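There are 2 protein chains.
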Amino acid sequence: MLTLRPAEAADAPVILRLIHGLAEYEKAPHEVLATEADIVRDGFGAKPMFHVVLAEWAGAPVGFAFYFFNYSTWHGRPGLYLEDLFVEPPYRGYGIGKALLVHLAQIAVAEGCRRYQWQVLDWNQPAIDFYEAMGASVLKEWLTVRIDGENLARLASTHVHVRPPAGS
Amino acid sequence: MLTLRPAEAADAPVILRLIHGLAEYEKAPHEVLATEADIVRDGFGAKPMFHVVLAEWAGAPVGFAFYFFNYSTWHGRPGLYLEDLFVEPPYRGYGIGKALLVHLAQIAVAEGCRRYQWQVLDWNQPAIDFYEAMGASVLKEWLTVRIDGENLARLASTHVHVRPPAGS
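Keeping their order, the protein sequence lines are chains X and P. If you're matching positions, the first sequence starts at 1 in this note's numbering and goes up one per residue. If you're matching positions, the second sequence starts at 1 in this note's numbering and goes up one per residue.
Every clue listed holds true.
Which stretches of chain P does chain X cover? Using the computed rule of at least three CB atoms under 8 Å from a CB of chain X, they are:
1) 113 to 127
2) 152 to 159
Below, a list of computed lysine-lysine pairs in the DSSO-like style, where the Cα atoms sit at most 30 Å apart:
3) Lys98(P) / Lys140(X)
4) Lys98(X) / Lys140(P)
5) Lys47(P) / Lys98(P)
If you are wondering where the hints come from, they were derived from the structure by calculation, not from laboratory data. All values derive from a computational prediction rather than experimental measurement. We put the CB at the ideal spot given by N, CA and C, even for glycine.
Between the sequences and the hints, there should be enough to build the whole structure, so can you do that?
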């Protein structure tokens with residue numbers, strides 16, 4: 001039987017295992033730098049930066065949804081952002097991923113969110129079809145811009161020369 | 001002279017004016033449902049859902065950056081997400097927008113973020129060129145999926161039939 005429950009600090013090893021499982025699926029197993037200490041510190045302190053729902057089959061964890069809240073300036077309300085969704089390979093195809101997606105929609109509604117968002121690879125047409133059948137829209141015009149690592153440090157140390165606006 | 005400072009609850013009317021200014025620029029002036037009460041409640045309570053930096057020229061607000069933190073499961077660290085950046089039209093072209101972008105990069109570094117992200121329209125090549133020159137990458141493969149309004153309510157009330165995994 002499937003149960004979905006909020007993760008606790010003691011689940012950090014399981015969360016990290018599932019993060020690694022997803023990274024392996026994405027063929028990037030060495031990209032995961034997160035540690036159990038990171039998960040405990042950032043997810044289970046006074047101001048959690050994220051939340052996790054664990055999917056358990058017969059009491060054993062088999063998948064997770066990792067999410068946090070963003071904010072819509074148009075709605076004046078938070079939105080729910082699903083960062084990671086993962087079900088271990090032997091447990092796929094039975095509805096567990098969809099149960100997690102629906103469970104997060106319920107959390108979004110309960111928390112007063114007007115939007116629920118995540119990302120998909122543009123070539124993953126089966127996933128896009130699945131999401132659209134659920135009532136989701138794919139925002140094809142909006143691209144994500146990212147700056148990280150040394151480029152972020154360099155930008156932070158950039159001096160910007162601001163000129164006086166005309167008429168000021 | 002330009003000053004950049006964190007907004008306070010008393011700035012809610014200014015923040016809302018700038019949100020409306022951006023919506024007009026995006027030709028969607030009627031999409032803004034947010035009120036001053038929303039801004040005060042969600043931005044300036046015990047657990048702020050967002051942060052705002054105001055750009056002031058000679059003491060008068062002329063632009064803003066509206067941001068919040070997301071989380072990278074690979075890095076085990078928060079990221080900074082820039083939701084809105086806006087400079088009022090008479091004040092554009094003097095470096096104020098870039099000063100806001102750099103200021104947020106400094107906040108990202110100070111908060112231990114490994115990533116700084118925002119979004120751009122795929123046809124806005126001048127903006128893409130500007131961001132890439134700053135060291136940013138455009139993630140062309142990743143598309144945003146969104147579900148909102150009645151579709152969100154419908155998804156939340158969906159019953160998912162989960163079948164027993166083989167071997168369980």
